[in-house]
Structure formats: structure tokens, C-alpha cells
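Protein chains in written order, with the working numbering: chain L, 356 to 617; chain D, 236 to 491; chain U, 5 to 324; chain A, 15 to 288.
These are computed hints drawn from the structure, not numbers from a lab.
In silico SDA-like pairs for lysine to any residue, Cα to Cα no more than 20 Å straight-line:
| # | chain 1 | residue 1 | chain 2 | residue 2 |
| --- | --- | --- | --- | --- |
| 1 | U | K162 | D | A362 |
| 2 | U | K302 | D | A285 |
| 3 | U | K193 | L | D400 |
| 4 | U | K135 | D | G359 |
| 5 | A | K194 | A | P244 |
| 6 | L | K458 | D | F477 |
| 7 | L | K458 | D | W482 |
| 8 | L | K458 | D | A478 |
What follows is a set of in silico ranges between Cβ atoms, one per label pair, in the way DEER data are often shown:
| # | chain 1 | residue 1 | chain 2 | residue 2 | range |
| --- | --- | --- | --- | --- | --- |
| 9 | D | A247 | A | R272 | 34 to 42 Å |
| 10 | L | A409 | U | D133 | 43 to 51 Å |
| 11 | L | L467 | D | I291 | 20 to 28 Å |
| 12 | L | L604 | U | D133 | 58 to 66 Å |
| 13 | L | L604 | D | L331 | 18 to 26 Å |
All C-beta atoms in this analysis are idealised placements derived from N, C-alpha and C, irrespective of residue type, glycine included.
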Amino acid sequence: MAETGRLTRAPALVANPVMLLRVGLIAAVLALWQTVSVSGLLFRDVVPSLGAIAGALARLLVDPGFFGHLGTSALEIAVALVIGGLSGLIVGLALGANRLLGKAFEPYLYYLGPTPKIIFFPIMIMWFGVGPGSKVAMGVISCFFPIALSTAAGMRQIDRVLIRVGRSFRAATWQMVSKIYLPAMREPIVNGVRLGFGVAVIGTLLAETKLSNRGVGFLVINSYSTFDMPRMYALLIIVFMIAIGVNALVGRLGAGRPHIKS
Amino acid sequence: MNGARRLAAKLAPPVLGLTTLVLAIILIQILIEAGRINRFVVPLPTQIAASFGRVIAEENVLGRFLLTAGEALAAGVLLTVVGIGLGVLLYRFRLLRLACETWVAALASAPLVLMYPLFLVIFGRSALTMVMIGFVAALPPVILKTIEGLAGTRRVLIDVGRSFKLTQAQQFWKILFPAALPSMFVGIRLGLIFALINVVGVEFLINFGGLGQLINELAERYDLPGTYAAICFVVLVSVCFFAVTGWIERWLRPAD
Amino acid sequence: MGRLRALAGMAAVAVFLSTGAAAAADALKVTIGQRGNWDSAVVHLGSKPGIFRKHGLDVESIYTSGRGETLQPVIAGSVDLGIAVGTLGAIAAYSRGAPVRIVGAQATGAADYWYAKATSPIRSLKDTDGKTIAFSTNGSSTHSVVLAFIKEFGLAAKPTATGNPSSTLTAVMTDQVDVGWASPPFGLKEMSEGKIRLIARATDASLVRGRTIRVIVAHAPALAQRADTISRFMQAYRESIDYMYGDGPQVIKDYAEFVGVPEPLARRVRDEFFPKSLLWPDEIKGLDSLMEEAVAFKFVNAPLTEQQTKEFIQISGTPR
Amino acid sequence: MKPAGPILVVEDIVKRFDTPDGALTAIDRVSFDVAPGEFLAVIGPSGCGKSTLFNVIGGLIDGYQGRVSVAGETVRGPHAALGMVFQEESTFPWRTVIENVAFPLEIAGVAKAERIERARHFVALVGLAGFERRYPAELSGGMRQRVSMARTLASEPKILLMDEPFAALDEQTRLLLGDKVLQIQQELKQTTLLITHNITEAVQLSDRILVMTYRPGRVKRVVSIDLPRPRTSEIVSSDAFGHYVAQIWSDLREEATRGMQDAEAHSRRERATP
Chain L
356 MAETGRLTRA PALVANPVML LRVGLIAAVL ALWQTVSVSG LLFRDVVPSL GAIAGALARL
416 LVDPGFFGHL GTSALEIAVA LVIGGLSGLI VGLALGANRL LGKAFEPYLY YLGPTPKIIF
476 FPIMIMWFGV GPGSKVAMGV ISCFFPIALS TAAGMRQIDR VLIRVGRSFR AATWQMVSKI
536 YLPAMREPIV NGVRLGFGVA VIGTLLAETK LSNRGVGFLV INSYSTFDMP RMYALLIIVF
596 MIAIGVNALV GRLGAGRPHI KS
Chain D
236 MNGARRLAAK LAPPVLGLTT LVLAIILIQI LIEAGRINRF VVPLPTQIAA SFGRVIAEEN
296 VLGRFLLTAG EALAAGVLLT VVGIGLGVLL YRFRLLRLAC ETWVAALASA PLVLMYPLFL
356 VIFGRSALTM VMIGFVAALP PVILKTIEGL AGTRRVLIDV GRSFKLTQAQ QFWKILFPAA
416 LPSMFVGIRL GLIFALINVV GVEFLINFGG LGQLINELAE RYDLPGTYAA ICFVVLVSVC
476 FFAVTGWIER WLRPAD
Chain U
5 MGRLRALAGM AAVAVFLSTG AAAAADALKV TIGQRGNWDS AVVHLGSKPG IFRKHGLDVE
65 SIYTSGRGET LQPVIAGSVD LGIAVGTLGA IAAYSRGAPV RIVGAQATGA ADYWYAKATS
125 PIRSLKDTDG KTIAFSTNGS STHSVVLAFI KEFGLAAKPT ATGNPSSTLT AVMTDQVDVG
185 WASPPFGLKE MSEGKIRLIA RATDASLVRG RTIRVIVAHA PALAQRADTI SRFMQAYRES
245 IDYMYGDGPQ VIKDYAEFVG VPEPLARRVR DEFFPKSLLW PDEIKGLDSL MEEAVAFKFV
305 NAPLTEQQTK EFIQISGTPR
Chain A
15 MKPAGPILVV EDIVKRFDTP DGALTAIDRV SFDVAPGEFL AVIGPSGCGK STLFNVIGGL
75 IDGYQGRVSV AGETVRGPHA ALGMVFQEES TFPWRTVIEN VAFPLEIAGV AKAERIERAR
135 HFVALVGLAG FERRYPAELS GGMRQRVSMA RTLASEPKIL LMDEPFAALD EQTRLLLGDK
195 VLQIQQELKQ TTLLITHNIT EAVQLSDRIL VMTYRPGRVK RVVSIDLPRP RTSEIVSSDA
255 FGHYVAQIWS DLREEATRGM QDAEAHSRRE RATP
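Just chain L, with the same shape it has in the complex:
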């Protein structure tokens, strides 16, 4: 009884100070920015005032052209995540299921994983052209590695007894994968997808800054090269907000069931 009482009361008690603190922190960051901007400590045009950024943000949000660019980037990232995610999942399952394959090929994935993917961009342009293809390719090679590696690791962390249960009931391979492996690996896979999403965004947008006439990355670099800094920050704020939102959403999917404490 005491337990449930605490559970229902606690959030209400805690939520308020947390919200207050959050608002306070945001206010502090904004105030710091504004102070730096007004003080002229850093080159003024590079640290524009909050008003200028807010103005640029408002102009962006009423510009229908902007949403076209946003849509382009979103589509590229989504396609990259689907292709990179599925191939990462399949490779991860294969490496996690087979000890020999895992030991033979995982080190290479670990070596290539932390290699900055942007350096492959000149090659991707040559392979996939100047259109969305090369941007999607950058997103794919970015998100493949974290998803493959965390799937492989997750596969090995599955409680062995659950696999024995499946086998004792004579589950077929596809039943093992769909009913035991995948649900048991939900958390590592979701974490892999979260990481993968982050790097896919980075890979795709950086590619757009280098070569493109569409997409948010193009807008960012275009604002920078014409020195329209408020607009550049406004774009970054929107990108950050979307990234943070998607991350929270995916995270909620991953939270799932309560854990059994052993």
C-alpha cells in the first residue's frame, strides 16, 4: 500500500521542481548567450542577439520553401535508416548467432565504426551521383555500424535459458528469430537505432552541406556562406529540436516492460 501511495504521489511532487529547474536552466543559457552577444566579447555577427535568432526562426517557419527542404532531408534520413538499419540488423544477427563469423568479422566492423564517414563522401559522390543517392549512402554507412554492432552484442546477451525454452518447444528458426531473439533484444536494438539515427542525421546533413541544392544541410551552409548567422542558428535549433524529439520517441519505444531484478 505504501508502495503504490508513493508511486502515485511522487511524480506530482517531483515534477514541479524539475520543470522549474528546466525552465531555469534554459533561461540561464539564453541569458548567457544574450550577455555574450551584447557584450561584444565575441565577434557580434557570429553571436547574434536572441531577437535576431527568434526573428529568423519565425521567418523560416512561415516559409513554405523551408518545409520542402526539411522534407527532402527527412526523406533521405528515413530511407538511409531503413536501408542501413535492416542491413545492420541482418548482419548483426548473423554475427551474433555464429561465433566463428562474429570473431572473424566483428573486429573489422569495430575498426570501421569509429572511422569518420564523411571522408568517404568523395567516393560516394562518384558511386551514387550528385542527387539524393549519395546523401542516402552517407546516412546508410553512418548508421549501419552502430546498429550492426549493438545487434550482435545484444544477441550474445540474450539469456541462454530463453533460447533453450524455444528449442525445447521445437520452435523453427524463423519462430526463434521473431518470437525470441528480436523481442529479447529490443533494448539493444532500440539503443542501436537511437545511435544510428544520430549519426545518420549527421552523415546526411554533412553530405548536403558539401554538395546539393536541396535539404537542410544545404540551407545551413548557404546561410553560413552568405554570413546570415541568425538564420543558420535558427536552422540548427530546428534540427536539434527534431533530433531530440525523435530520440525521445524512439527511447520511449525502447523503455517497454519493467525488468526482472535478479
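Once you have looked at the hints, place chains D, U and A on chain L.
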């Protein structure tokens, strides 16, 4: 007999991996020579191999290698100090953690590297910019893993500390810190990797500094074999980091 | 009667649409570096009044962040033409056997200028001894200009790589470098606001005046198979330049909108910084000094032979 | 087929493992059989190869000598007639109680409505009616182990194979769960093979007890338990019960001692850190 079998079992995976790699390279060579792959997009592997000497001799690869690795390492030191510090802070002040933890997690997937113009302004076109970008972009995993480690300390260990009437500081240094060390280390390792990615990425983007710039410049001169060779060196940096952090981890956690 | 006229009108529209569709068959893909520069805006500005359409061309332009990104798609054949490719980069690619040909000059001479902070004591190149002068990156055209300044004016300045105009401006304003570079219209606003002061133009160096720093390149197989289409493109390109230097106010309006600057500033860019000869594509100038530099910056191992140069440079369309 | 003949026959099983210290014989020439409806317990000290025997019979490991047959059919891989309950926590944390219990029916391709209906019966049988929609994490350890048991029973095996199913539970829960098993066995006439190291549990539940030796595991003695059925946990206070427990402990004591000495020697060699 038994020993031989175990040795074979131990050697099989790396041999399989290496053989596959070599076969893939040979396949690429054949496909290029047969004209199935555009040789102006992918140079012959033999040409790449031949260009290593030239790139090393003419492009100061060692210096660049050390610069890039040094920048990533400097970012790593900052990460360790600041990241663990912030992690401890968030752990100690529950309210702060409730307010910020999800933000920190979300920042991990925000493309911080796009902020590079701001960093250029604050820190100039210098190695410091790379270090700072590497540091900032890699901070979230270190903070999160530190909190995870501290919060995951088994209750009974904390109770043991209390039963011995440890002070707050003793409780931290004798119980919490050692218990959280493995998790913190995972965070630092992730952080180093993030830092390296961002350092080389920004070098490439702004054409300044170590190996990232080299790749950009060689691509600019259309020295394709050289470009691929330089990419191999970046992979080598990540191999080194991977190996070194692996050793340190084993050294820190011999019991596991 | 009225209905007949309406029918005729509809028929005319239908004919126009179908010829439009037929013209779309001659599609050309081009990469363009340096978005926003007057000299690289030819395709954009010429397309507005339909000059390329008139020649039966449907041009798709993809802007790049400059340098290698403009050339690489041409080499791989994913676009037909690359506009504003650094001449040295094109030479390097050709000398290593890549299938690229120069079909025209894109910039002969340079509109780039050098400036200092308004509060700085530097008023001309003479004041730069012991100071730092910015250029974009090693082996770029701005690099050669700075080296030419030093050589021709006997300066004791230190060349420093600072990247693109934006990062250069911030470097100048935060005193990381003494003299910055920019390409108009970038920086003209700051200049008119009195924040920075012009101290030299690229064309102050005699070497630069007669040198083609950027070119238009074609994918060699595309040039072989679609010589006529590319030739028509170059004709349309020349016509567009004529149009850009005509009396019409519309082109200035279009350019001002394209780069987001006020019209007077856009006009100033054209009239003060870009003589028509800078854009004219008929001749690749200063090839000898370019070859020397290509060797010096390790873009090639040896200058191209006469034979090679002949194959490499195939000016397309009808030069005048 | 003779109805009175044994339903499970285990003949001359030998299983060796390769270890860094050389080959190790886990079980050595173990033979026994189980009659329909019989409750047989295999008891032995830690390290006597009980779990290996369990996995061999369940068809989860191969590479052994000898033969296991169910109703005259040699076992190769998991057999449909065998239902296994594991020692470890083995409920699926992502499934509710009812979904866990319906799992084997789902694997067998039973339609959803029917399998839920049948699963409901087995949930009630182990005394968890009302908890169908809960997740394992919301239940106690004893309840979760009953979910596992219901899940296995739902596959309606001819033989129920249990590997120390109550090892992780406290003594009182274990006794009460024993009652539950007795009751189910009474109701279903379920042939059961129980692997355990717990003497009270074995005596409380079984018709016969097989006592194993410490490494290599061999059959040391077979004890018939002639206690009246139906039984409940109250039987533990009877004299006859105490007699059986004492008798089995005297057999096991020697084996357990050897096991403990062996483990200590091993630790000394390994210098394992605590």
C-alpha cells in the same frame, strides 16, 4: 593433439576474416581490370598499395597522424575530467539529474558538428577548435555512462560503506567510484571514438589540420590512390585507439 | 469567331507544351561551384528569361561547396558538365587519365579582393610586412594570388589558410589574421558599413589578370556522344553572358534575389568587380604559368605535352 | 505397444566434455526407465552431471554415447512428448502471463482464440487465475516459476522434465509449491522426471529416487518411496518421511563431501579473486 585443435579453433576466425578481406581486395582488382568498376572512381588496390610510400614520404603522414591522434587524445582527457565531473554532479543532485538526463541523452543524437562555424569563431582556425568540437560532441556518452555506473552500484555495497561509518568523501572514493569505474570506462571509450570521428570530420570539412585535411587535399588533386591510402591511415588511427583502450580496460579490470 | 480564337490559343499552348516536352529530351546535368558568385550565376540568370530552353536544353544545376565536389561527379559521369572547376584540379584529373575535357573558361582573372579591419593600420599591401594574409586553402586560386602579391610587390607577409569567406571574415574580425580575402558580393555590405577596408584586388597582381583560374569541364564520353548538345549549351552560355551585361534591369533584380542582397549592391558587384571579359569562355589564358604552378603544388608531376593539351582543351560552341 | 511398458528409457548414457585440463566424464553409463504416470526424482550433489543428464534427455545436447527413447522412439533433438521446466528464470519478460503460457501453442500454430482459452486452463491449474494480464516482472519468483511450469504443461507433454525448478526459492515456498505439483500430478496423472539436489523435495514428491555419485555421475542406488498418495506437504513431519531422508542423506553425504573438497582444490589452483 588436443592443443593443436584448440590452436586451430583460436586461429580460425582471424584467418577467415583476413582471407575474406584479401579475397575481396583481389575481387575488386579483377573487377576494375575487367572494366566492371570505373577505375577513375576506385583505383586499383595495387596502385593504392604503391602510393603508400609516396604519401608517407611526401605528405608528412606521421606528423599528421600524431596531430589528429593528439587532438582526439586531448579531447579525451578533457572528456574524462569534465564528463565524469558532470556525471557525478548529476548523480549527486537528483533534481538536476531528473531535469537534465534526457536532454543529455538527446544531445547524443543531435548533429553538434554542424555548429563548427561557432567553434571556429570562438577558438579560431586552430587545433583548439578540433579539440573543443571533439570534446563537446563526445561529452554526452561519458556523462550518461558515469551516471549509469554510479546509480547502478549495488545497494548492499553502499550499505557496507555505511555500516563502516564512512564519510561522504570516503563513501565516494572507496565504494561508488570503484564500483562505477567499469561503466565510466565504457563511456570514456565511446567518448574517445566520438571525439576521433568529429576531429577528423571537421579537419576534412574545413580543410585544416591532420589526416582529415590530407584526404581532402589529395581528393582535390585527384590523387585517388593517395586518397584511399590516406583513408587507410584514418582507419589505422581508429584501430590504434581501439587497441589501446582495450589494453587499458583490461589493465583496469583484470578480474573480469 | 471567339471560340475559334480560343481553340487556336489552346492549340498554340499545346504546341508550346509539346515542344517544351521535346526540349526536355536534351537534358543536361551540371554541377556548379561557388554558389552566389556573379560568375557562377550564368546558368541561373540565363535560365530566367529562358535562354537555355530556347536552345532546346533542360539544364539541371546542382550546387557544390566548391573545389573537388564540382569535378568528382563529372569524372564519374553522374553529371555532364562541371562549372567553376579550379583549373589546376582539372589539369590534375586529366593528367591522371580521368575522362574530363575543358570546354570553356569560366573565370579569367579574378574578382576576389583583400581587405583589413577598418580599425587596422593596414591601408595597402605595402603595410603588410610581418602581417598575415589570408587565402582559402593550399593550391587554391587565392593561394596563387597571395603568392603573386608577395612576389610582385616584394612583401614580407605570411600567407595563412583561413578557408571560405565566412570563416575568413570571422578570423579577421577576431584578429586571428590581419588581411582577409573575399569574393563579391560577400563582404561588400560590411565594407559599406565601414567595418572593413579594401586594400587590394586579385587583379592587382599582373600574373592573375591574364590567367584562367576556373574552367567549364565536360565528361569526355558525354562530350563525344553529345557534342551538339554541349555546343548548344555553350552558345546559350555566351548568350546568357551577353544578356547579363545588357541594359535590362531584370537581371540585376534576379541576381539580387538569388543571393539575397539589395539591388544597388548587386549592380555594384557586376560593374565594379566583374568585367565581361572575366566571364567570357572562349580562351584558356596563362596556361604556361598555370602548368608551373600545378607542378609546384604537386597537382601534376610534369606539365602536359602539346599533344595532351590539344586533347584536353576543346573549346565548345562558336568562339567570337 | 504395451501400455504397462516404460514410456521413457535411458540406456548407458556416457557424456564427456573437453576442458582445458583434458577430457572430463560428466556422466558415466547411466541407465533407468520411467513408467507411465510415475514420478521419478534424480538426486545428486552439485557436479554430478544432473543438468547434463537433463539436457541429454531433453535433446538439447548431443555428442553422447547411449540412447534415450520416448515411447519406443529414439530422441534426436527436442521431442514433442517431452516438456522441460528449467532451473533458471525462464519466463519471457516481454509477454504477459497468459501470453507466456500460450507460447508453445503459438509455436504449434494453434489459432489465437483457442490457445488463449487453453492457456487460461493451465494458468488456473497452477493457481494463477487473475494474473493473466500481468508481466513477469510484476510477479514473485515463485509465481514466475509456476508460469514456466504452466507454459510447459500447456504443451501437454507425455513426460514432464524438471531441472531443479524450485532451486531459487525459499524453503517454505518450495514446500507449498510441492503441494501444487502433487495436486497437478494427481489431476493429470502426469509422468514426471525431476532433477534435484534437495532431499525433502525429492522424498515429498517421488515414487522412486535415483541417487547419483559425484563426478563422474553414476547411478549409486534406487530408492522406492512407499508413502501414501494423495500426499501433501504435511507428510514431512511423518516418521517414514524422516527415515527416507536419513537414508538418502547417508548415501549422498560421502558424494557431497568429495564434491566440496574437489571445488576447494580447484579454487586453490585457480587463485580466483573473490
